[in-house]
Amino acid sequence: KQWYQRRVRGYQSSYPNTNLNMWTCQYNMGTDQKWEVEWSKFDDCAFRLKNKDTHMCIDAPGWSSNRPGINLIQYPCEDDQGSDHWFYFIPTQDRMCNYKAYSNKYLSGNVSGHGYYASLASAQQACSRLGAKCGGVTRSGYHGLHYVRSGTSLKYSSSGETSWLKGDCSDAHYNYFEQEFM
33 KQWYQRRVRG YQSSYPNTNL NMWTCQYNMG TDQKWEVEWS KFDDCAFRLK NKDTHMCIDA
93 PGWSSNRPGI NLIQYPCEDD QGSDHWFYFI PTQDRMCNYK AYSNKYLSGN VSGHGYYASL
153 ASAQQACSRL GAKCGGVTRS GYHGLHYVRS GTSLKYSSSG ETSWLKGDCS DAHYNYFEQE
213 FM
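Using our numbering, the first residue of the sequence shown is number 33, and each one after it goes up by one.
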């Protein structure tokens, strides 16, 4: 039985924009097949894959390209929260609460131990799992980050915030691939 691993094309190439390909597993220490997971400092659900040999990250060519069948490349790691080097472990199905959006409204009260999330889906997933500790999600009007909130009363926002008030959690399931509730 053959085992395959993702590796940098052109063995240990340190050039940006080099394609990644499948190759038989190499077990020696000098291989470019070793990748490490680096967790984000700005989103509890975000991570990137960094090559231990070239110190570059997996990337799709172009900015946030989502074309089917696109080749993956290595590229110098970007720390910006808007970078497309960040990936998310998001299950295909998860028990989610229903949420209703309200423009120009905010929810008060931070949830202890939770900072901000880059995506609405990540924030709603966290809020759903927090149960009664979380009343909904508010997206900042200034920088677009999402915060889980303990409050359940909507307040007027003069800075363009949008909030999603958590509703029924009993039978809601969210399909992340289709980006819709089932």
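Some clues are possibly wrong.
What the hints assert, rightly or not - Derived lysine-lysine pairs resembling DSSO-like cross-links, with alpha carbons at most 30 Å apart:
{"#": "1", "residue 1": "Lys187", "residue 2": "Lys132"}
{"#": "2", "residue 1": "Lys66", "residue 2": "Lys82"}
{"#": "3", "residue 1": "Lys137", "residue 2": "Lys66"}
Claimed, not checked - Quick list of the computed label-pair ranges, beta carbon to beta carbon:
{"#": "4", "residue 1": "His87", "residue 2": "Gly199", "range": "42 to 48 Å"}
{"#": "5", "residue 1": "Gly199", "residue 2": "Tyr174", "range": "38 to 44 Å"}
{"#": "6", "residue 1": "Val69", "residue 2": "Ala133", "range": "22 to 28 Å"}
{"#": "7", "residue 1": "Tyr174", "residue 2": "Lys73", "range": "16 to 22 Å"}
{"#": "8", "residue 1": "Ser135", "residue 2": "Glu68", "range": "20 to 26 Å"}
{"#": "9", "residue 1": "Ala92", "residue 2": "Tyr188", "range": "36 to 42 Å"}
{"#": "10", "residue 1": "Gly114", "residue 2": "Asn136", "range": "19 to 25 Å"}
{"#": "11", "residue 1": "Ala164", "residue 2": "His87", "range": "41 to 47 Å"}
{"#": "12", "residue 1": "Ser144", "residue 2": "Tyr188", "range": "39 to 45 Å"}
{"#": "13", "residue 1": "Gly141", "residue 2": "Tyr120", "range": "34 to 40 Å"}
What the hints contain is simulated information worked out from the structure, not anything from laboratory work. For each residue, glycine too, the CB sits at the ideal point set by N, CA and C.
Hints and how they fare:
{"no.": "1", "hint": "Lys187 <-> Lys132", "result": "holds, 15 Å"}
{"no.": "2", "hint": "Lys66 <-> Lys82", "result": "holds, 9 Å"}
{"no.": "3", "hint": "Lys137 <-> Lys66", "result": "violated, 46 Å"}
{"no.": "4", "hint": "His87 <-> Gly199: 42 to 48 Å", "result": "holds, 45 Å"}
{"no.": "5", "hint": "Gly199 <-> Tyr174: 38 to 44 Å", "result": "violated, 27 Å"}
{"no.": "6", "hint": "Val69 <-> Ala133: 22 to 28 Å", "result": "violated, 32 Å"}
{"no.": "7", "hint": "Tyr174 <-> Lys73: 16 to 22 Å", "result": "holds, 19 Å"}
{"no.": "8", "hint": "Ser135 <-> Glu68: 20 to 26 Å", "result": "violated, 41 Å"}
{"no.": "9", "hint": "Ala92 <-> Tyr188: 36 to 42 Å", "result": "holds, 40 Å"}
{"no.": "10", "hint": "Gly114 <-> Asn136: 19 to 25 Å", "result": "holds, 24 Å"}
{"no.": "11", "hint": "Ala164 <-> His87: 41 to 47 Å", "result": "holds, 44 Å"}
{"no.": "12", "hint": "Ser144 <-> Tyr188: 39 to 45 Å", "result": "violated, 25 Å"}
{"no.": "13", "hint": "Gly141 <-> Tyr120: 34 to 40 Å", "result": "violated, 25 Å"}
In terms of the numbered hints stated before, the structure departs from hints 3, 5, 6, 8, 12, 13, listed from lowest to highest.
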